[in-house]
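**Student:** Protein chains in written order, with numbering that gives the first Met the number 0: chain A, 0 to 474; chain B, 0 to 474; chain C, 0 to 474; chain D, 0 to 474.
Don't read these hints as lab results, they were simulated from the structure. All C-beta atoms, glycine included, are put in the ideal place defined by N, C-alpha and C. Some clues are possibly wrong.
Listed below are the simulated DSS-like cross-link pairs for lysine-lysine, each with C-alpha atoms no more than 27 angstroms apart in a straight line [claimed, not checked]:
no.	chain 1	residue 1	chain 2	residue 2
1	C	LYS86	A	LYS201
2	D	LYS86	B	LYS202
3	C	LYS86	C	LYS202
4	D	LYS428	B	LYS441
5	D	LYS86	C	LYS86
6	B	LYS259	D	LYS259
7	D	LYS441	B	LYS118
8	A	LYS202	C	LYS201
9	A	LYS201	C	LYS377
10	A	LYS259	C	LYS201
11	D	LYS201	B	LYS201
12	B	LYS259	D	LYS86
13	B	LYS202	D	LYS259
14	C	LYS201	C	LYS259
15	A	LYS441	A	LYS202
16	B	LYS86	A	LYS86
17	C	LYS202	A	LYS202
18	B	LYS201	D	LYS86
19	B	LYS118	B	LYS202
Have a look at the derived ranges for each label pair, beta carbon to beta carbon [said to hold, decoys possible]:
no.	chain 1	residue 1	chain 2	residue 2	range
20	D	ALA266	A	GLU232	29 to 35 angstroms
21	C	SER371	A	LYS408	52 to 58 angstroms
22	B	ALA28	A	GLU265	27 to 33 angstroms
23	C	SER371	A	VAL230	37 to 43 angstroms
24	A	CYS197	B	ALA320	44 to 50 angstroms
25	D	LYS122	C	GLU58	47 to 53 angstroms
26	B	TYR199	A	ALA320	52 to 58 angstroms
27	C	LYS259	A	CYS197	20 to 26 angstroms
28	B	GLU325	D	LEU376	58 to 64 angstroms
29	A	GLU265	B	PRO16	41 to 47 angstroms
30	C	ARG147	D	ALA266	55 to 61 angstroms
These stretches of chain D come out as covered by chain C in the derived footprint (C-beta under 8 angstroms, 3 or more residues) [as the list claims (entries may be wrong)]:
no.	segment
31	193-202
32	261-273
Number of protein chains: 4
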Amino acid sequence: MSNLGLVRHAFSPPARPPLAETEMRVLEAQYCSYGDTVHYSEPAKIFARCEGSFIYDLENRPFLDLQMWYSAVNFGYANPRLNEALKRQIDTLPQVASQYLHREKIELAAAIGRDAEQKFGYKGRVHFNVGGSQAIEDSLKLVRNASRGKSLVFAFEGGYHGRTLAASAITSSYRYRRRYGHFGDRAQFIPFPYCFRCPYGKKREDCGLYCVDQFARLFDTEYCGVFDPQVGEAEYAAFYIEPIQGTGGYVIPPPGYFEKLAAVLEARRILLVDDEIQMGFYRAGKLWSIEQFNVRPDIIVFGKALTNGLNPLSGVWAREALINPEVFAPGSTHSTFNANPLGTAVALETLRMLEEQDYEQMTAQKGAYFLSGLRELKRRYRVIGDVDGIGMALRIEICEPSDSFTPAKAIVDRIVEEALKGDLEVAGKTYGLVLDIGGYYKNVITLAPALTISFDEIDLALQLLDRLLHRVAPD
Amino acid sequence: MSNLGLVRHAFSPPARPPLAETEMRVLEAQYCSYGDTVHYSEPAKIFARCEGSFIYDLENRPFLDLQMWYSAVNFGYANPRLNEALKRQIDTLPQVASQYLHREKIELAAAIGRDAEQKFGYKGRVHFNVGGSQAIEDSLKLVRNASRGKSLVFAFEGGYHGRTLAASAITSSYRYRRRYGHFGDRAQFIPFPYCFRCPYGKKREDCGLYCVDQFARLFDTEYCGVFDPQVGEAEYAAFYIEPIQGTGGYVIPPPGYFEKLAAVLEARRILLVDDEIQMGFYRAGKLWSIEQFNVRPDIIVFGKALTNGLNPLSGVWAREALINPEVFAPGSTHSTFNANPLGTAVALETLRMLEEQDYEQMTAQKGAYFLSGLRELKRRYRVIGDVDGIGMALRIEICEPSDSFTPAKAIVDRIVEEALKGDLEVAGKTYGLVLDIGGYYKNVITLAPALTISFDEIDLALQLLDRLLHRVAPD
Amino acid sequence: MSNLGLVRHAFSPPARPPLAETEMRVLEAQYCSYGDTVHYSEPAKIFARCEGSFIYDLENRPFLDLQMWYSAVNFGYANPRLNEALKRQIDTLPQVASQYLHREKIELAAAIGRDAEQKFGYKGRVHFNVGGSQAIEDSLKLVRNASRGKSLVFAFEGGYHGRTLAASAITSSYRYRRRYGHFGDRAQFIPFPYCFRCPYGKKREDCGLYCVDQFARLFDTEYCGVFDPQVGEAEYAAFYIEPIQGTGGYVIPPPGYFEKLAAVLEARRILLVDDEIQMGFYRAGKLWSIEQFNVRPDIIVFGKALTNGLNPLSGVWAREALINPEVFAPGSTHSTFNANPLGTAVALETLRMLEEQDYEQMTAQKGAYFLSGLRELKRRYRVIGDVDGIGMALRIEICEPSDSFTPAKAIVDRIVEEALKGDLEVAGKTYGLVLDIGGYYKNVITLAPALTISFDEIDLALQLLDRLLHRVAPD
Amino acid sequence: MSNLGLVRHAFSPPARPPLAETEMRVLEAQYCSYGDTVHYSEPAKIFARCEGSFIYDLENRPFLDLQMWYSAVNFGYANPRLNEALKRQIDTLPQVASQYLHREKIELAAAIGRDAEQKFGYKGRVHFNVGGSQAIEDSLKLVRNASRGKSLVFAFEGGYHGRTLAASAITSSYRYRRRYGHFGDRAQFIPFPYCFRCPYGKKREDCGLYCVDQFARLFDTEYCGVFDPQVGEAEYAAFYIEPIQGTGGYVIPPPGYFEKLAAVLEARRILLVDDEIQMGFYRAGKLWSIEQFNVRPDIIVFGKALTNGLNPLSGVWAREALINPEVFAPGSTHSTFNANPLGTAVALETLRMLEEQDYEQMTAQKGAYFLSGLRELKRRYRVIGDVDGIGMALRIEICEPSDSFTPAKAIVDRIVEEALKGDLEVAGKTYGLVLDIGGYYKNVITLAPALTISFDEIDLALQLLDRLLHRVAPD
């Protein structure tokens, strides 16, 4: 083979008999960036197969997965119906440039738009992209456009909206920005109603939603820094929320919180942008988690579970006033894989599936069952400071056993590590457990089981958690 | 079914007998954002099926595609080998969270890393993401991190690097930024060596690469605004290039240009970031188009054709010094679909395929053949101001017939429109043609045929172009 | 006279007999920008002469001045000693370029530097400029330089640091930024301990300085958005304070506040920048108002009263580590009028004067006397919600008589307007009163009498205030 | 004296017998910031007295000053008429808060406004401030306000507009920004027509103002990065110019340059902001240097010589549309020393003086005389590469004698150093010479003699320069 120019590429075709694990680890150490989250714990786990609520390692050991790819796989690993939909599309129209139309894109947009119209009473439109961060970027474009160029927004402490640069600017963790210089569009972060650890030291029973009053106070005078009462204009164009914080530790706000907050925002003409990337698609018991809180968003951003972790697809829904063709004209944004046919085909099948079965009831029932099991565990283990849940988004906050309050990151790290060993026994069989950690102090086990999990599997999950807690923090 | 909280979702399942075209258009007008590029021309074309070099509309009319999803489908629509690889992965490990490892990710990173190592003589690592813009964002993180927080970079006039906010800041078109307020990290745009329309009014024969001298002049004194000679430090951390401009109109720089430019950058310790999103994977005759120019990049960004338009996957390769785990530590960035298993499986198969066949020779031969046909057309149509090509990236610049130089956007628009009618006859059969427009003046037909196109299909393409030109601009 | 090029300038020399008031008002309406604060009230007052604590209008009516050019004229209008110093310098070295030295600059820097050294125990240096905002800009350069380029800082709600763009970015009022687009270096504003209207609704008696705890909370985890505990680095490089807020309404913080705050900052290596532009030079009873609070600043910014409102001079004092010639090298900044000889000469005389008399005792005594008079007024007028004072910085907060708490801007506007009529009678003589308004709600009369005011004049001031209050808000 | 609180201030009153020079130097090294330009050369020169064109050191040696405080003292050191005006004001109204009016402010604004009205045919208004940078800041506010928040502007390579942060962002030298992190509002710098060293390598005779064409080219298509032709909107709100560059080396543009540039700007609705801080007040032979170029600015910024280096005063004049009370409402900006009475009084006297004498003719004659002398020197010294001048702004570009072109910074440094020794003999008397260095390569002696210099003194200046050149670079 000729050798034009430089060296001809040299992919050194990997030996077709599959690489042994050690070889893989050597290659990974040499050629893979460590900048992602793989090396948060060592050695990184390698998985080879998945199905339903289980994922299997190279030795084919089953791990019950209670995080489901950070809630991207709500409908179970290798869901037959969705896999089949993907294969069908591969066989018809696997590719088409995003400047042309295809049936699935249109039907999908219409399904989402009609649903929102009925629920919120607003007409709106959908704009697709690929990956949650890119949908966040699109939403920022809508916000900046609607506010004639304002690039400052409010967001929550503990909030997470992605890791592109603009998404990092509105994501609370300073660690995500630290290496990357100046962020001129950094959000102003507002305390989230994390009542178990109220930032203001209040008690939920009698706080009167003091936290919203604190936010509202910012608009009292121009000297609070964000508002000019003379002209009724705010320096901040929008408030980005996760109704239930994801990375922040599946924190559930108290009743009335968002209603009161939304009233403040509406009065100051500040847009409410609802990030449903993690909590959407029935994770929190409703299609959109915000439906739990009696609030109407101006923009919804979604992604992840829309395609059940298959071909990525994300998007924004926005009120007509923000996204109609006059104000958000052709070419306002673009992405090669925007509305890609494989993604839209799977997504459309997802929505049909949701239509055909009562996911609301199902998630309410399974979630309640799981949560009551967690409450039982809390009664038995002092290392559990708090458990809570809404729909199938559940949390276990691990604390020092001495006070069941002080965050105990070291203990939770050990729990997760032990869970990944794959040696927990229940009823004569051996399992591992896949858990994810979240929370401001990284001491919260955030549980996002498949919505398709069976009650037996929930029992198994609780038994495995019991084994784990007993092993790591018995008293 | 109960109706908790708000309305229960109301997807109003689309009637299972497929919607008629008119119904689709009504829904699209109601629920789809027009902010993407679909409505650049009206009515938008709807496609239903694709295979090889052809894509078919709702009436099953064949369209020979000469843009292949902006060069994302280099290996032909519905490529059987790659489709098969995708299906295999769907059946084994379709999903796995990005904090865990799987075989395909590792093998893919190793293949890319080893190839670069051989070609450029540098060890490096690969970081995956999903969508080209997100890989650009990752590259910006690498650049900012390496420069201790500098967020200013050079980029080219006519350059395109994506549409996230940070990518828009380094993409030349002001139209992409206009609606969105302030871009504090806007690139400084440097004229590209677009020799057919030399920005400096020079002639390629005797210009002595004056354009690089003009760039180098910026470093002469601190008063040119970008450099402090006392300490040898530049205000700009990197130069983002497309070796051959994509959206800019498949403009090919003259010999020696990049070598001379790279020498200036190296002397000022400014990183060279090579965006191969559109030109990578043999579009320009080499795996990376920069291989045509005898230059070693610090960072390569890639996407699109890596998965042939199937499950999106993108990535960056960077020199070890920029990306080793010390400087780009775990958690430096993240994305849910980073290194997703479906994408990596397809990508790995792509690379194996490239290994097994001599794409370099193939693209050189087909490209030369196609280009000679275009040159023949240029001789016959005064409306063609310029044709050029490298590998399978070809361009036809449409100009006023009066001088074969003045950009003729209206004519090219008509050409594209006619092409989409699907009524061009060759040898008794009826075809359409899918063409893409690029160029600073939107008067360039940028040709990106499938690399798998046959010589007969190239002949057909030339005949269809002839028909078109004859119809639209006969003299 | 010849007329080269365009028109020769046409100053139309104002008729040497002075313009009548109406003529002046006509010219002002035609040629003066209204963008300053002159037209906050109409018609703007014109003054013609000043002396001691009095300023006189065109009809030679005396106005007792209780604002003294926003505390720039601490030593009385037309102070003979300082005026004389200025004239002496005019006669010797009125001009010298700022790249050369002159005696007064050196002696002045040494005087300020030695004083700080004794008081705070740090060696430091002084950098001069002209105008408070420009000194703030210099301080921002010191901060950014010391933090390797960080441009984000904390500042207080209600804080005021000037009106250049960068100073506006750290000044709380959004009104000052609203017209001017994006401020990428906008400060994060922290509630000031304005105990009369505690932002947290606490009571000073038992709050335990809850407000500092709230600030300290921001450093608890990375998810509060400003700190990365793993590396101990903050996103914010400094905290800009006015120990007593000026424009904010002469608000005096409670005991212990700044000590507790400074401890938080020191632990996170965040610089404390002390803006003494309005409160410096004994306005608050000490040379620097921060001396009242047992805290050592990293940087002091000063201006205004340094030259008693004569030739402007401002400056920064900074700890040696921040300003030594290694880190803040020659040419780091510059200003034509930096260290101008007229300004430094007056300033040096100011410091000699301060050395020779016990201003600390004097301001303590006069301030206490004035404050006790204000307290008496408060007892008699329900429209006075709060009076307070430290040194010769005093405040009267005007509120609705119904609750003596609700801010009553309209009433205070009327008070100030009536005061400017110049028709208040005391002991058979007729006076006006010059008052300034401050406060978050623009309902605070901020009193900054000349430090040289006599006890008799204080009595007169109290009588005039009594007349005014009686006229405007008798019950 | 009591010691309340901390230490009582400790100014350690400098011994009243004046400090010896060594003592001064010790104090300076200890307490003065070196961040200004004093320590560009060592040891810094100390001056003690000044008069007319001469400034005297501690030993009373006379130095003929050819830089006059960077053109701030156009009317001669200690100008009796202006000094007297200052003293008169000291004796009547030395102080008045900027929210009140005084006669001199109004008359001064009217004089400037009427003059501009006659010359440019536009009505406009004047806004005062203190220090050139602050006036630049005010002009930026006008620009941002008029463009609904755009903060990007064009400026020239070699341009200088001050050293506040926002002024540094539009000042070309990267050295001024390097230490201070990110500048999100950094100007795009355009090559200045520095014909002696044409950035494009053209010759003035036949270039056809190629440089303006290059600038105009940026607006050809959206892909040049600054303009959206579809809507006729530019990313850049204004172009900041010095008609003759000051710090840039007193570079004079060729005929027709600004007319052609202004036409481009007007067509794209980009404001032309004329910085006259250094060249205003007849330095370049007209009140405003732009009058030499037949162009009408939208905004003029001025400072320095307005008060002849006495009490600083600066300002902007702007067209009514940009500054009328509707768009630039009360409180849009503010500065304590805005329109200070001492400054306005001197400035008004300056304008009266300019009215009474024909400065245009005077500066033309003296400038021509001086320039012919410089040309004679150029003929005799190969170290002089270029001399040029307009009005009383003159330049000598010092180059390597070998080619009279290569910039020779080391030689010019030695010239300046020798000049400051004060040992040059002419006609039996001993003199020094005060020279300033400018230019992109810091190899230009920028001559700004007092406009009041006599022809005899010009002769002396030429003789002294001759002595110097003979000493340093004889061949």
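**Student:** Each hint: holds or not?
**Tutor:** Status of the hints after comparison with the structure:
| no. | hint | result |
| --- | --- | --- |
| 1 | LYS86/C to LYS201/A | 63 angstroms, violated |
| 2 | LYS86/D to LYS202/B | 67 angstroms, violated |
| 3 | LYS86/C to LYS202/C | 52 angstroms, violated |
| 4 | LYS428/D to LYS441/B | 73 angstroms, violated |
| 5 | LYS86/D to LYS86/C | 7 angstroms, holds |
| 6 | LYS259/B to LYS259/D | 34 angstroms, violated |
| 7 | LYS441/D to LYS118/B | 44 angstroms, violated |
| 8 | LYS202/A to LYS201/C | 16 angstroms, holds |
| 9 | LYS201/A to LYS377/C | 35 angstroms, violated |
| 10 | LYS259/A to LYS201/C | 22 angstroms, holds |
| 11 | LYS201/D to LYS201/B | 13 angstroms, holds |
| 12 | LYS259/B to LYS86/D | 64 angstroms, violated |
| 13 | LYS202/B to LYS259/D | 26 angstroms, holds |
| 14 | LYS201/C to LYS259/C | 17 angstroms, holds |
| 15 | LYS441/A to LYS202/A | 23 angstroms, holds |
| 16 | LYS86/B to LYS86/A | 7 angstroms, holds |
| 17 | LYS202/C to LYS202/A | 19 angstroms, holds |
| 18 | LYS201/B to LYS86/D | 63 angstroms, violated |
| 19 | LYS118/B to LYS202/B | 33 angstroms, violated |
| 20 | ALA266/D to GLU232/A: 29 to 35 angstroms | 33 angstroms, holds |
| 21 | SER371/C to LYS408/A: 52 to 58 angstroms | 57 angstroms, holds |
| 22 | ALA28/B to GLU265/A: 27 to 33 angstroms | 29 angstroms, holds |
| 23 | SER371/C to VAL230/A: 37 to 43 angstroms | 42 angstroms, holds |
| 24 | CYS197/A to ALA320/B: 44 to 50 angstroms | 46 angstroms, holds |
| 25 | LYS122/D to GLU58/C: 47 to 53 angstroms | 32 angstroms, violated |
| 26 | TYR199/B to ALA320/A: 52 to 58 angstroms | 46 angstroms, violated |
| 27 | LYS259/C to CYS197/A: 20 to 26 angstroms | 21 angstroms, holds |
| 28 | GLU325/B to LEU376/D: 58 to 64 angstroms | 60 angstroms, holds |
| 29 | GLU265/A to PRO16/B: 41 to 47 angstroms | 43 angstroms, holds |
| 30 | ARG147/C to ALA266/D: 55 to 61 angstroms | 43 angstroms, violated |
| 31 | 193-202 | violated (count 0) |
| 32 | 261-273 | violated (count 0) |
Of the numbered hints stated above, those contradicted by the structure are hints 1, 2, 3, 4, 6, 7, 9, 12, 18, 19, 25, 26, 30, 31 and 32, listed in ascending order.
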